[in-house]
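Q: Assemble the whole structure, with the sequences as input and the hints as a guide.
Protein chains: 2
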Amino acid sequence: MRINFADRLKEAVEVKDSRLVVGIDPDPELFPPETEGRTAVERVDEFGRRILESVAGEASTVKFQSAFYEKLGPPGIETLAEHLKTAHRLGLLAILDAKRNDIGNTARAYAAAYLNRNAPLPFDALTVSPYLGVDSLEPFIEAAAETGRGIFVLVKTSNPGSGDFQDVETAGGEPLYLRVAKAVAELGKFDIGKCGYSSVGAVSGATYPKLLTELRRIMPAQIFLIPGVGAQGGRATDLAPAFDDEGFGALVVAARSVIYAYRDRGGDYAEAAYEAAAYLRKEINEVATAGRK
Amino acid sequence: MRINFADRLKEAVEVKDSRLVVGIDPDPELFPPETEGRTAVERVDEFGRRILESVAGEASTVKFQSAFYEKLGPPGIETLAEHLKTAHRLGLLAILDAKRNDIGNTARAYAAAYLNRNAPLPFDALTVSPYLGVDSLEPFIEAAAETGRGIFVLVKTSNPGSGDFQDVETAGGEPLYLRVAKAVAELGKFDIGKCGYSSVGAVSGATYPKLLTELRRIMPAQIFLIPGVGAQGGRATDLAPAFDDEGFGALVVAARSVIYAYRDRGGDYAEAAYEAAAYLRKEINEVATAGRK
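First to last, the sequence lines map onto chains A and B.
The first sequence begins at 1 in the working numbering and counts up by one.
The second sequence begins at 1001 in the working numbering and counts up by one.
Because the hints were derived from the structure by calculation, they are not lab data.
Take these hints with a grain of salt, some might be off.
[What the hints assert, rightly or not] A short list of chain B residues far from chain A (calculated; beta carbon distances all over 10 Å): (1) Ile-1192; (2) Leu-1211; (3) Ala-1270.
[Said to hold, decoys possible] Distance ranges between label pairs, derived from CB positions: (4) B:Asp-1264 with A:Glu-174: 44 to 50 Å; (5) A:Pro-160 with B:Phe-1190: 15 to 21 Å; (6) B:Thr-1035 with A:Asp-245: 54 to 60 Å; (7) B:Pro-1160 with A:Gly-173: 25 to 31 Å; (8) B:Glu-1082 with A:Met-1: 36 to 42 Å; (9) B:Gly-1037 with A:Phe-190: 35 to 41 Å; (10) A:Arg-256 with B:Asp-1264: 50 to 56 Å; (11) B:Pro-1032 with A:Arg-256: 44 to 50 Å; (12) B:Glu-1082 with A:Arg-117: 53 to 59 Å; (13) A:Thr-35 with B:Lys-1085: 29 to 35 Å; (14) A:Gly-91 with B:Arg-1038: 34 to 40 Å; (15) A:Glu-214 with B:Arg-1038: 50 to 56 Å; (16) A:Gly-173 with B:Arg-1217: 27 to 33 Å.
Heads up, the beta-carbon is just placed ideally off N, CA and C, and yes, glycines get one too.
A: Structural data, given as structure tokens:
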């Protein structure tokens, strides 16, 4: 039986007691020297597997960055499929961070690739970009709802240039990202789980924590996927407004600061990733549950 | 030696005397019955090759829709790589319509996949979505300029819902898509070819032809990639404002109305695609060169 994505996510968060999402951005240029001497595909394959195994107890979810697999050509997509299987075998939920967006039957083809029942790469959720409008999001939302999967729509991204268009003041006085947030809240009503959250979530960068209170007001039923902690300068301690009274409602993503933690901590890279993930898991839990009633 | 993408495109348009881009959206559900009885990958492989061969004399460029290949999983990406080789062998320029978008090192990884010198899938150009801001576009632009490749930034898309965010009135009174257009014009100055056009082009839907005059004023050096002719309701005869006095400056995309033309015209699907492409090539040429001095 289909279970709503937000309900599945809440269970995973409670079982693991973790709101941490480890971002898998496998970039051979950042790998430790001991992984050298083989093909890039072999190196990415082993690096990803070891990272997944090392963080599986600390993270509820992992987020694969599609670009680093696409960069390797067709064998990279094979590796992505294998990493997805590994993540699921380890009991992790898996998001594909692919920021896909297109219209009509093309959006349906993307959904068929990642969200449909017989998808060749059956991720639990997919990130989606909103520039093309509401009708471009609907095929993703419908596909996800049907299979108990989810999407996260980009609302306010973590990069310095996110203001260029997302912050543009509209004629009504509000920035564009609030318009997008309102549309996401409306679309998300289509599939609300028992936990009160929707299978349609929102991406909001940790680098703009002051916006979280307003975004939460506009999107009460959206799970926030919050990237930008660590290497991009965002701090977990600023993210309290994203969480509800039960310590749910948001997932915090750390990628480079976990998977390349060996560069600061030294030692084995998988061990360093485990330690960084364990530290972050606790830090996020303290923030998320500080206001718990 | 690197040749600017716009110059390469202009040469291809002149050699073929064609501003037509055939969109390759291989959807097995729309294939003719004679292609049945094999795997979806085999069917897409053969369909794509036959279409490419049949339209190679009529189109300067083909545009592959990534979603329909991703839908087939890893073997689909192998097929995409083979179709790309076939297109190049036939003397066609090849655009990947993937609407990629991401930040910093992730955007660079996408560029490495499709635009860099040693890209595993070396397309001549890539479509890119602007919601993440100028800093998210720069890595694509730099990579493209270095290798004589190009990008097309989504400015105003062809779908009915494109107005939801693209048409939002900003505080200055202008719609958002004009803000994006201005940013694209500015970014495009980075790499202007001898022909006066930039390797940074813009997507503007044929379904909104009245906007072309204003978009051309704001983006004098952008090649317009114009989808939406045919199945989506756009008409080639409305597109004159996109072309310059030499009949250059824009490419017109037709996908379903060409590759599935057998459904209206009957007969062999590749032959029907050839006839539809030949008809459209002439129709577009008449529009493009009507104002030629």
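Q: Determine for every hint whether it applies to the structure shown.
A: Going down the list of hints, with the structure as the test:
1. Ile-1192: Check passes; 22 Å lies beyond 10 Å.
2. Leu-1211: At roughly 15 Å from the nearest Cβ of chain A, Leu-1211 (chain B) sits farther out than 10 Å, so the non-interface label holds.
3. Ala-1270: Its Cβ never comes within 10 Å of chain A, the nearest being 21 Å, so this holds.
4. B:Asp-1264 with A:Glu-174: 44 to 50 Å: holds, 46 Å
5. A:Pro-160 with B:Phe-1190: 15 to 21 Å: holds, 19 Å
6. B:Thr-1035 with A:Asp-245: 54 to 60 Å: Holds, since Thr-1035 (chain B) and Asp-245 (chain A) (Cβ atoms, about 57 Å apart) stay within the stated range.
7. B:Pro-1160 with A:Gly-173: 25 to 31 Å: holds, 27 Å
8. B:Glu-1082 with A:Met-1: 36 to 42 Å: holds, 40 Å
9. B:Gly-1037 with A:Phe-190: 35 to 41 Å: holds, 38 Å
10. A:Arg-256 with B:Asp-1264: 50 to 56 Å: About 52 Å separates the Cβ atoms of Arg-256 (chain A) and Asp-1264 (chain B), which means 50 to 56 Å holds.
11. B:Pro-1032 with A:Arg-256: 44 to 50 Å: Holds - the Cβ-Cβ distance for Pro-1032 (chain B) and Arg-256 (chain A), about 49 Å, lies within 44 to 50 Å.
12. B:Glu-1082 with A:Arg-117: 53 to 59 Å: violated, 28 Å
13. A:Thr-35 with B:Lys-1085: 29 to 35 Å: holds, 31 Å
14. A:Gly-91 with B:Arg-1038: 34 to 40 Å: holds, 37 Å
15. A:Glu-214 with B:Arg-1038: 50 to 56 Å: 54 Å Cβ-Cβ, so the 50 to 56 Å window holds.
16. A:Gly-173 with B:Arg-1217: 27 to 33 Å: holds, 28 Å
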